[in-house]
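Construct the entire structure; sequences and hints are all you get.
Okay, here's what each chain looks like letter by letter:
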Amino acid sequence: VSARWRTVGVFYLFALPFAALTIVFGLWPIALSVITSFTESSTALRTDPVYVGLANYTAVLADPVFHASLWRTTLYTLLSVLANLAFALGVALLLHSPLIGYGKTFFKVAIFLPVVTPDVAGYAVWRWLYDQSFGAINAALALLAMPRFGGIAAQSTAMLALLVAELWHHAGFYVVIFLANLAILDRAVEEAAEIDGATPRQKLWHVILPQLRPSLVVNGVYAIIQFLKTFTVVVVMTKGGPADSTNFVSYYAWQMFDQGRYGEATAMATVLFAIVAVVAMTAYRFGQRGERT
Amino acid sequence: MTGAASPDRHYAGALPRPVAVAFAYGGAALISILFLYPFWWMLLGAFRSAEAVLTAPLRLWPETLDWRGFASLASVGGISIWRYVVNSVVITLASTAVGVMITGLGAYAIVRRPDLPGFGLLRAGFLLAMMYPYMLLVIPAYIVMFKLGLLGSYAGLILFLALGPLQFFLFEQFFRTIPREVIEAATIDGAGEFQIFRRIVLPMAMPIVATVTIITFLLNWAQWFPVMVVSRGPETFTLPVALINLSGELGVNFQGIMALASATTIPVVIVFLTAQKRVMQGMADGAVKG
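Going down the list, the protein sequences come from chains H and B.
Sequence positions in the first sequence follow the numbering used here and run 192 to 484.
Sequence positions in the second sequence follow the numbering used here and run 803 to 1092.
To be clear, the hints were calculated from the coordinates, so they are not data collected in a lab.
Check each hint, because a few of them may be wrong.
Chain H stretches covered by chain B per the calculated footprint, using a threshold of three residues with CB under 8 Å from any CB of chain B [what the hints assert, rightly or not]: (1) 196-204; (2) 239-245; (3) 277-289; (4) 365-374; (5) 444-458.
Please read these numbers as outputs of a predicted model, since none were measured by experiment.
We put the CB at the ideal spot given by N, CA and C, even for glycine.
Quick look at the structure:
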């Protein structure tokens, strides 16, 4: 028994700190969050909270601001995922093309640098780049004789402004994943297509893109989760404004919490988690199924 | 630069090759410039007075090196900038060291003996915790910290930042590549599990440990929300949190914001540039596994 314990015990010893952290800072807070979502906000932090059943959930689901926020988050996620993947795929194909030889590493590093830049710092700079009087963007547009860009100051452009700033921060990550996939493409298939006289466009659609499926799935799932949870950029640049035009679900939930409405805030957190989990699983399954056929 | 100029990759487009090359380089250069410009504008903003930026936002070189932006940082939110710098360095380094050790050991145990009771559950629990929207996990984590008496302590911050999904996936992926035969041979030679780990697994794992360490450092340096929420006051704030506070202050100190953004960014840029290949490769690997 003791010899067996010696081999097995080592592994439990190794796993113990990891398990402790996972439970204390992962599972316990999640459980607390779920429990809090069933309590009355003003009593949530007391030792004997008043349980109100699903009241917080019905309140949240009936809240028109939450509906608007959820719809806005969905729209933003959709646009961001498409913009980021299309842009990153374009850049990756460009950098992978035989036309780019020397300098490839430089281009890659330049596009990846914003990924490791602390998001708070990057977005603080973007907030001022968009500024109507300080900002370089409107100055540059004026120089090119183009109309002004409202940036984060106008309701109609605030979401686009955040999308661009977030693309700057995230796209390099997706580029690197596409490039990793492109590096293992089957050259033989590509050459066969060339010999058969395929045009570059045909080659892209029928030879390269199908082989990029794994990275499209990975990037797609990552991007969906990433943008559904959009938070920091809102805190730094818009605080949900102007007029709620960038008030996404994470930020709205955080505002609720900040106002001491713990029950509603945690109910919203649970709803968002359910959405993230379902969407991520579906996207993943969808990708997996496609791979097998 | 691998494969960049390999002879087997030839060009078969419609345009003459030199024209196509010019277009390709032009496009790549334009994108790179657009991506790097915010960094340059940030540095310029840190070294130019707000009035100067207001008159000529697009100027590409500072009139004079104006250090007033950095000087204004002597105290942010009533606390010396050096306190934030020290906090950033200490919290990032400590959470990285603790995180790499704990995650590495945990992943090793789970990969080697997935059959042991509880390990499957542990992995699933970890993945669940990592999928939970982070900013919403921080909120109940505040309550947990309060209950454990860790609120506002360095220990609480360091432990909270220690775990991350990318780190776990990188380790898990690596440990799966260790051939069973290597370990079985050592077992036959009479080595115990602890010796196997120290003498065989650990030396093999050094490259992945280095990769995970650098990536964790970069990720944890940027953390701000947990630090802000779990702190009791600015005494444990890091540079990004100080930047959030400075941006939120009334009476905008544009030059100070740019100076603080620069101070927050420069350390990670240096770390990244010295290890760019490892970082990009590691992040791609970690993501593809997850």
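Hint check:
With a cut-off of 8 Å between beta carbons, the segment 196-204 of chain H has 6 residues touching chain B; three or more are needed, and the interface restraint holds. Using a Cβ-Cβ cut-off of 8 Å, 0 residues of the segment 239-245 of chain H lie near chain B, which falls short of the minimum of three, so the contact claim is violated. A stretch counts as covered by a chain when three or more of its residues have a beta carbon under 8 Å from one of that chain; for the segment 277-289 of chain H and chain B the count is 5, and the coverage holds. Only residues whose C-beta sits within less than 8 Å of a C-beta in chain B count toward coverage, and the segment 365-374 of chain H has 5 of them, enough to reach three; the restraint holds.
Counting residues of the segment 444-458 of chain H whose beta-carbon sits less than 8 Å from any beta-carbon of chain B gives 5, enough to reach three: the coverage restraint holds.
Hint violations for this structure: number 2 only, all remaining hints satisfied.
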